[in-house]
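Read top to bottom, the protein sequences are chains X and U. For the first sequence, numbering that gives the first Met the number 0 begins at 0 and goes up steadily by one. For the second sequence, numbering that gives the first Met the number 0 begins at 0 and goes up steadily by one.
Check before you lean on any hint, since a few could be wrong.
To be verified - Restricting the straight-line Cα-Cα distance to at most 16 Å, the calculated cross-link-like pairs of lysine to aspartate or glutamate (EDC-like) are:
#1 X:Lys135 <-> U:Asp232
#2 U:Lys97 <-> U:Asp135
#3 U:Lys653 <-> U:Glu581
#4 U:Lys68 <-> X:Asp159
#5 U:Lys766 <-> U:Glu795
#6 U:Lys718 <-> U:Asp663
Bear in mind the hints are in silico, worked out from the structure with no lab data behind them.
Here's the letter readout for the chains.
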Amino acid sequence: MVELKPIRMEEAARYLGYGGQMPDETILSLMHECEEPLREACRPAYSVGIFDMECGGEAEVRLAECALTLTGKDIVKHLTGCTKVALMAATLGSGVDTLLRRLQRTEMAKALLTDAMAGAAIEQICDDVQSELQGKMPLYRQTWRFSPGYGDLPLALQEDLLSAVEAGKRIGLATTQGHMLTPMKSVTAIIGLQDMTKELRKVTAEDGDAISAPVGACAAGACAGCAYHESCLSRQDKSENETIDAETSDGGNA
Amino acid sequence: MSNYPEILILDGAMGTELQAAGLPLGGVPEVWNLEHPDTVTAIHRRYIEAGSQVVYANTFGANRLKMAKTGHSVQELIGAAVANAREAVAQAGNPEAKVALDIGPIGRLLSPLGDLSFEEAYDIFAEEVRAGQNADMIVIETMSDLYEAKAAVLAAKENADVPVFLTMSFEANGRTFTGTDIDAMALTFSDMGIDGVGVNCSLGPAELLPMVKRLYTATKLPIVVKPNAGLPDPATNTYNVSPEEFGAIMRQMLPYGVRVVGGCCGTSPEYIRELTRVVREWEAERGQVSEDDKEFWPEDYEELTKLRDTRPTGIASANRAVWFSEPRCIGERINPTGKKRFKEALQNGDMDYILGQAISQVEAGAEILDVNVGLPGIDETEMMVRVIRELQAVVDVPLQIDSNKPEVLEAALRIYNGKPLVNSVNGEEKSLASILPLVKKYGAAVVGLTLDEAGIGPTAEERFAVAEKIVSRAEAVGIRRENLQIDCLTLTASAEQAAVAETLKAVAMVHDKLHTGAVLGVSNVSFGLPNRDLVNATFLTMALQNGLTLPIMNPNSEAMMGALRAYRLLMNIDKNSLAYMEAYKNYVPPTAAPAGNAAAGGTAGAAQATGSAAAAPAGDTMHREIAEKLGDGAASLYNAVVRGLTAQGAEITKNLLGSMDSMDIVNGVLIPALDTVGAGFETGRLFLPQLILSASVVQGAFSEIKEHMRASGAETVSKGTIVLATVKGDIHDIGKNIVKVLLENYGFTVVDLGRDVEIQAVVEAAKKTGTPLVGLSALMTTTLPSMRDTIAALREAGLSCKVVVGGAVLTPEYAAEIGADYYGRDAKATVDIAREVFGV
Chain X
0 MVELKPIRME EAARYLGYGG QMPDETILSL MHECEEPLRE ACRPAYSVGI FDMECGGEAE
60 VRLAECALTL TGKDIVKHLT GCTKVALMAA TLGSGVDTLL RRLQRTEMAK ALLTDAMAGA
120 AIEQICDDVQ SELQGKMPLY RQTWRFSPGY GDLPLALQED LLSAVEAGKR IGLATTQGHM
180 LTPMKSVTAI IGLQDMTKEL RKVTAEDGDA ISAPVGACAA GACAGCAYHE SCLSRQDKSE
240 NETIDAETSD GGNA
Chain U
0 MSNYPEILIL DGAMGTELQA AGLPLGGVPE VWNLEHPDTV TAIHRRYIEA GSQVVYANTF
60 GANRLKMAKT GHSVQELIGA AVANAREAVA QAGNPEAKVA LDIGPIGRLL SPLGDLSFEE
120 AYDIFAEEVR AGQNADMIVI ETMSDLYEAK AAVLAAKENA DVPVFLTMSF EANGRTFTGT
180 DIDAMALTFS DMGIDGVGVN CSLGPAELLP MVKRLYTATK LPIVVKPNAG LPDPATNTYN
240 VSPEEFGAIM RQMLPYGVRV VGGCCGTSPE YIRELTRVVR EWEAERGQVS EDDKEFWPED
300 YEELTKLRDT RPTGIASANR AVWFSEPRCI GERINPTGKK RFKEALQNGD MDYILGQAIS
360 QVEAGAEILD VNVGLPGIDE TEMMVRVIRE LQAVVDVPLQ IDSNKPEVLE AALRIYNGKP
420 LVNSVNGEEK SLASILPLVK KYGAAVVGLT LDEAGIGPTA EERFAVAEKI VSRAEAVGIR
480 RENLQIDCLT LTASAEQAAV AETLKAVAMV HDKLHTGAVL GVSNVSFGLP NRDLVNATFL
540 TMALQNGLTL PIMNPNSEAM MGALRAYRLL MNIDKNSLAY MEAYKNYVPP TAAPAGNAAA
600 GGTAGAAQAT GSAAAAPAGD TMHREIAEKL GDGAASLYNA VVRGLTAQGA EITKNLLGSM
660 DSMDIVNGVL IPALDTVGAG FETGRLFLPQ LILSASVVQG AFSEIKEHMR ASGAETVSKG
720 TIVLATVKGD IHDIGKNIVK VLLENYGFTV VDLGRDVEIQ AVVEAAKKTG TPLVGLSALM
780 TTTLPSMRDT IAALREAGLS CKVVVGGAVL TPEYAAEIGA DYYGRDAKAT VDIAREVFGV
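Input sequences plus hints: build the corresponding full structure.
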């Protein structure tokens with residue numbers, strides 16, 4: 000199980016079409032009013048499976064001891080340089096769907112806000128799951144989350160992905176005939192895992208293409224030695240310094 | 000002790016055993032019945048050798064949806080699975096061992112959570128049951144949706160004649176993924192004619208122990224327990240409880256009504272061997288001790304047994320159990336009798352109004368809702384099914400199905416998600432013969448009206464006699480007495496004053512002598528009198544004191560709810576007065592109320608106005624114009640809409656209606672205000688939430704206007720009818736609902752077909768209404784083809800209506816390509832299109 004942190008209202012506002020702005024006081028206070036019922040309705044849960052990658056071809060990735068085969072050129076590109084793949088399924092649970100159904104019957108404005116906030120909440124859960132995974136596998140850098148339906152990765156893989164992490168049994172996640180996830184506030188994703196120990200040994204100019212990893216998803220203290228140090232879009236000197244400070248003080252305590 | 004039945008030993012895991020034998024994650028275990036029959040048979044055989052008296056055939060997921068991609072039929076796979084299990088029985092040399100058909104979840108969620116209908120789920124399960132006709136029994140397991148479990152139980156009972164066990168899977172918080180708790184499961188299935196109910200999978204025996212205890216208090220059926228071998232390590236997928244620990248914890252469960260045991264994920268023949276040893280040892284010890292041996296029986300055994308034996312049953316929705324052990328309020332408002340507005344809602348299929356009535360009653364404290372939709376001219380069966388489906392999608396209280404027609408009751412009982420209360424059977428032969436068997440079959444509770452062919456007996460004794468007859472007839476068909484609630488019938492004090500005491504006396508007789516619960520429609524008593532609340536509340540208190548358990552009443556009446564709360568407090572039912580204190584924590588004595596309310600209202604209004612002042616700078620000119628032309632009241636309504644002051648719109652409108660014509664308010668104030676907000680939205684100054692907030696204010700204003708027009712006998716004016724639908728395959732309909740609200744704001748009548756709408760249903764609605772405009776919504780790229788097909792079907796049907804489409808992934812180009820007449824960029828743009836099409 001995973002705990003839902005305070006909902007990032009600025010993210011919810013973005014889903015509501017506010018761009019970078021924050022909503023006015025009336026809307027914002029309405030959003031805060033919506034937060035408690037939403038939290039009560041949320042029962043966040045996730046299931047993750049780690050698989051070794053097996054070479055497939057130009058448009059196919061096979062996973063060891065897993066019935067799921069990923070197809071399409073985009074997923075091959077996404078997983079370039081990875082040796083393992085994390086399959087992830089996460090959901091806020093069916094209570095949120097029920098809450099949204101009820102609000103749509105009675106208070107449409109709240110339904111709209113709660114819907115966007117639930118969208119922000121499930122993304123937060125996914126971020127937290129990735130952070131937890133990072134803690135368990137510190138020597139692997141994670142790619143961003145790639146989901147069925149992105150690019151040419153078929154949405155129809157949804158069912159096989161759910162089976163591979165036993166999402167039905169473990170978190171109650173299913174699909175509709177049209178491969179939509181139910182409960183609705185749910186995410187499935189494929190995360191590539193790049194073995195940092197290998198990369199540290201191959202710092203070459205052609206590896207320096209810009210990559211985008213979520214902030215904080217890289218191994219602690221890995222920035223300085225990373226092959227992508229110069230070009231990584233997510234690298235932040237501030238967070239790097241903090242990491243180093245933390246390590247120093249840990250050493251002191253020991 | 001000698002006739003104590005032996006505890007039945009089931010098998011352990013199949014799935015994890017197959018994985019150990021090489022089945023990949025995400026692979027299809029059922030295919031191994033054909034491809035590796037020897038492996039499957041060997042696993043069964045090892046379980047039988049370890050002590051299993053029942054093995055589950057490898058059919059858990061063998062339904063037509065999951066098996067579609069395997070290229071094998073359900074019959075083929077289930078046939079092979081049962082044959083493998085039979086072969087294992089033969090190989091093990093234990094002919095006593097039984098083979099169970101194992102039925103797991105379908106893998107798709109039922110509506111409203113998903114897109115699978117209850118009827119489709121039933122068909123899928125029925126196919127499995129028929130394919131497994133050679134099995135000795137049926138086990139329905141790992142269910143997390145009560146509705147799906149009910150479909151499976153009905154399919155099993157109606158298509159086979161063997162014992163049926165049901166086990167559901169609960170999370171550590173005591174609920175399934177879809178929110179069902181132990182009590183709701185126990186109540187729903189205890190009277191449906193199954194042979195065992197229980198829990199399996201999801202957790203280890205230690206985590207399931209408290210749930211088993213809870214289940215013991217909630218059912219008298221044999222309890223089935225099949226836990227995992229503890230919890231899995233997410234990295235290695237191995238389980239953390241050893242066979243010895245497993246056996247030791249299972250032993251602790253045995254006193255609590257557990258009669259059938261086995262293991263689920265992670266358990267192996269070693270676990271079953273140890274479990275068998277422990278169970279037989281416990282049984283031997285139990286044979287030596289008495290029922291009150293403090294050494295043998297656990298500390299809480301006596302207390303839990305007492306609760307189990309003395310608490311009367313109750314009813315349940317999928318997510319909430321309501322026991323009949325204390326007085327409960329049944330909300331009476333979903334009923335057209337004497338309610339013009341409600342009749343209209345039924346005639347127009349206005350679900351929003353009906354659901355609004357339901358939600359407001361639940362918020363006021365109703366614990367059960369009566370549902371009566373009988374009205375001349377409408378198909379009561381169809382309407383009852385529709386209203387129950389809609390209700391159970393938005394409220395979680397259990398329902399009382401109110402009709403005297405067996406066909407209406409049967410249709411409703413079948414699709415009800417939980418255990419309902421049937422209202423009602425009466426002492427007439429025709430009623431007893433047709434309704435009691437339905438109550439029995441679906442495991443419901445039932446209200447018995449104390450009237451018969453001779454009408455309503457004037458004395459308590461006569462009504463008691465009818466009650467006795469109903470009880471004995473119900474028991475004769477196998478309905479347990481605790482499932483009966485007798486209605487001694489409230490007569491009107493203004494017409495038959497002396498009859499009130501007879502009713503109260505009859506309630507007391509039923510309570511004392513028949514030991515059933517008692518129901519009364521309380522509000523009838525005051526009909527025709529002034530200050531009805533006073534009479535109702537007093538009568539309610541008197542009836543409760545005489546043994547009334549389920550008052551059917553208006554929960555929105557503060558006097559009556561207050562009387563019920565106070566009764567619960569005074570009778571020590573509301574422990575530590577917690578519910579009472581919660582209800583009145585903000586209580587202001589009535590004499591001080593006007594000043595207090597005014598102050599509170601004023602503050603809230605001011606805060607809102609300040610907060611949203613920035614929202615409407617452009618409205619000022621219009622505000623001035625309206626003030627000059629129509630007066631200050633109209634201007635403040637305009638202001639309320641533009642600023643989204645939801646608390647004020649209805650109130651101002653109500654006042655305005657005294658001096659202003661309804662249509663002038665609509666056309667002169669509300670629509671200009673919406674236009675102002677709409678213009679702000681179009682220019683990017685205002686955002687969707689603000690638009691919807693303003694729309695909500697207009698909604699409030701409109702309902703006042705409609706109420707006013709109804710009261711003055713005027714026809715409600717509509718600018719035209721539009722059909723809206725979220726297309727087949729798409730279950731995301733918030734976008735469509737936003738459009739609907741806005742269209743209604745502008746005075747259009749919207750026929751909302753909902754989501755995942757069949758193409759033919761759209762065509763039929765367009766035909767029936769003759770609408771010039773159909774709106775279709777789709778969220779996902781995968782459902783765009785369905786949008787195209789719907790448009791094609793409308794054209795093929797020769798309908799001249801225009802089609803507007805909208806949704807996140809649509810583009811104007813694609814809209815044109817699939818043959819739509821208009822592309823609705825957003826809700827506001829769609830309203831503009833509607834105004835253009837209708838020329839208003």
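Hint check results:
1. X:Lys135 <-> U:Asp232: holds (13 Å)
2. U:Lys97 <-> U:Asp135: holds (6 Å)
3. U:Lys653 <-> U:Glu581: violated (32 Å)
4. U:Lys68 <-> X:Asp159: Holds, at roughly 11 Å.
5. U:Lys766 <-> U:Glu795: holds (12 Å)
6. U:Lys718 <-> U:Asp663: OK: lysine 718 of chain U and aspartate 663 of chain U at ~14 Å, within 16 Å.
This entry does not satisfy hint 3, going by the numbered hints stated previously; all others are met.
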